[in-house]
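Peer 1: Residues per chain are reported as follows:
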Amino acid sequence: MDGLYVFLTGPALWITFIIFIGGLILRLAYLFGLSRERDRVFYNHMSFSWAMKSILHWLIPWGSVSLRLQPVFSLVFFVFHVCLLGVPLFLLAHNMLWEEAFGFGLWSLPDVWADILTVILIGCAIFLFVRRLVRLEVRILTTLWDYTVLVLTTLPFVTGFLAYHQQGPYEVMLLLHVVFAEILLIVIPFSKLGHIILFFFTRAFIGFEMGGRRGARPW
Amino acid sequence: MKCPVCNEEVEDQRLFCPYCSWELTPDIGDLSPERKALYNERLKIARENWRLLQEYRRFERESLEAPEIQRKAIEPEKIHKKILFCTDLYPSSDYAFAAALDLAERSGAEFIILHVLGSPHRYSGLITTAEGETWASEEVYEKIRERLKEYYFCRIEQENPDWVWIAVKAGTPWIEILRFARKQKVDLIVMGPYTIHDPRLGLDLEKPHLGKHAQRVILQAHCPVFIVTSPKQRLSFRDEGAKST
Amino acid sequence: MENANERPVDTKEIRELLDANDGARIRTWLSICSRCGLCAESCFFYLANNKDPRLSPAYKFKNTLGEMYRRKGKVDREFLRKCYDILWGECTTCKRCSLYCPFGIDIATMISAARAVCYSQGITPEGLARTLDHYREVGNQMGISSEELRDTCEWMAEEAADEVRGLEIPIDKKGAKYMYTINPREPKYYPLDLAMAAQIFTVARESWTIPSTGWDCTNLPMYAGDRALAGQVVKSMYDKALELGVEKILLTECGHAFRSAAFEGPYFAGYPDGKPPLEVVHSVQLFYEYLSDGRIQIARKLEEPVTYQDPCNVSRNGGLWEEGRRIIEYLAEDFRDMSPNREHNHCCGGGGGYIPMGPEFKRRRMISGRVKAEQIKATGAKIVITPCHNCYDQISDLNEEYNLGIKVSSLKEIICDIMVIPDEFKPESQEKHSD
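Protein chains in written order, with our numbering: chain A, 39 to 257; chain B, 43 to 287; chain C, 194 to 628.
A few of these clues could be false.
No farther apart than 30 Å at their CA atoms in a straight line, the calculated lysine-lysine pairs in the DSSO-like style are these [unchecked claim]:
no., chain 1, residue 1, chain 2, residue 2
1, C, K275, A, K230
2, C, K366, B, K225
3, A, K230, C, K205
4, B, K123, B, K254
5, C, K619, A, K230
6, C, K575, B, K254
7, A, K91, C, K468
8, B, K123, B, K227
9, B, K227, C, K619
10, B, K191, C, K381
11, B, K185, C, K555
Hints listed in this document are in silico derivations from the structure and should not be mistaken for laboratory results.
Make a model of the complete structure from these sequences and hints.
Peer 2: Structure (structure tokens):
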């Protein structure tokens, strides 16, 4: 168990991060290369201010007409992402590990907050899962992979929460937490989860295309 | 068999009566009651129209000094050299046809029968036929030409007259009429006052008015335009608003 | 439905097309769609058809272009026929969905790419295919020869000179400021548009000309999926403009034309920077200029309530929604905007080639137009003004189908009706008549 844990938080973690960051960089580089050839329309009409507006209006809750049409979903979706990014980055436990390994860490949330946010995140994830089942226009598009990815995204949080509160066999929970998190990180660059970076590019493009060229507001 | 409208003897296999151009239906026995009623109404109207047409022709002939129809022009300078008759294929233009034909015969003019297939849109060029909306293709034009020939040539005394020809166009009627008239440099346009959309109402149920296409043709044609109404057209001094055509 | 071509599908050709289109954008869009379903409510097809989930934009592109890429081009004719129904029957490429997608995925571009694939296998709507032959032979969708165009221009100049003295329609005048390009449906079916345009330009003392070739600014091959032909059409227009040495290309009131000449055309015609060689001006821009500069004055405003239909390719995809509205403010006392409006206005249902596609699609067009019909009814307007031929015909149809009781009009028509004709242009024998 211990050996496995050391492996998972040592070499495996390194490999995971390399794949995660390297994968994203590679994906971007590949797309950049493709675009030079076939997407001149991207470069011909660049406009920084429109790209910014296009991105920012979709980063804030109810920032676009589309989000305002589905206000509850927008809120849940926004909160889900905030927790998704916030909890792992600002968790005391994680930051302690960073400090141990690299000598620095980010500011940490009080554990109570981390708990609350995690529960909220799990709640949001359940809402999103149910939404996929219930809303017809979403269900018809959703594939098994979409459900899987949603579950996969939530599992590190569930297992981490359970491990922290010492529910279930602690070591197993911890291992599962690390394993799921690593799988998640490895999957990100090669799936739709790549949107963590690509969101900015596609939004910038539509900002150029509709806003820069025509002044139409894509939000 | 006897034509039910004009009572003339007609060969059995004819589709149209050559005298009054009534469509000879083979057997009305197996039509549904509604269709039969509709058929009977149409028959009634057609008989009445035929009667009026005969009266009108008789009146015309009796009031002329020259009883024979001459192909030579009477006053060469005043003749119309080319007469354009616009038909909507409804009885509303039947009297206009009679008048136009008469003028053409008397002045030795070239006589053109034009029908414009109307489009429900301004720009699409689609036309409405019995089968629904479609583009105006050569087949559609050919069918209409045949129908026009059947309907009108039987009313011209001369067999296969070479001074009459038929044209079919598609689009907005008044525009195509004017375009055609300009291209062909016609001297005279003759048409009915409006088009009937529902023949069951008969000619005299339409309040006297000038249809949209007749109006535009009158206003913008570069030659004289004759509008010929039915002799039975009711006079109305009240402006009750025209039925839109 | 399609060119009666039962030959087997050429998967190699399809693969080549897919490869050529497999740029960063399409690849990213296909992989990043997170199936959130937000695009559904943006599409009027979805809204008008009782929110049938198969009409959400994501479903449409996933099951056409998405499938084509997934199967790496190995598709059969059966599949392409299903695509035909979706690509042409359920999408007008109005681009409203790209405003509603969190990632800004441009579904219309993917639909166009898929159309190109279907077209390469001979599958395209009959109504569009008929015009393609005309384009190849004569250079315009209605197959009108230069002589016929000249003749129509002469006729209209004669007619219009009755109202505006000294009016001329100059053809091929070198060095004019604007080269006025038109929709061939104008000379073919409603040549008064030419007369009205001439009246407006004459009163505004404009320097303009109509070219004898390259005068068709609409670009139906763009919607049929024939990119090469689309490029040719646009190029012939640009080339003629350069040859005549005009300053700018002016477009009649037409949505497709603007999208083709100003935005997508340069790419079809092989201009790598995406900019047309001359500035392209739309009638809406020019009329706005005339009205705001006072070159055209209005004698009396319309009193009935008026609403403005934003043609997708003039407003949302052209950026001219404010100019359109400002023009209406000059023309009407009582302007009632639709809701939603401006760049978020709905497509009328007649664009993207839908009306030219013909009677086969009429039923669908009438059903999906319910959204637009309800918008119009809600404004309570009696006149709908729209600078687009397809919107014009579609709204006329909707008027009949849904008993809206409105009259449709183009900008030219209204302006000609109510503009002030200065004395120097008044015809000589001006009899006072009440109208």
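Peer 1: Of the hints stated earlier, which fail here?
Peer 2: Failing hint: just 5.
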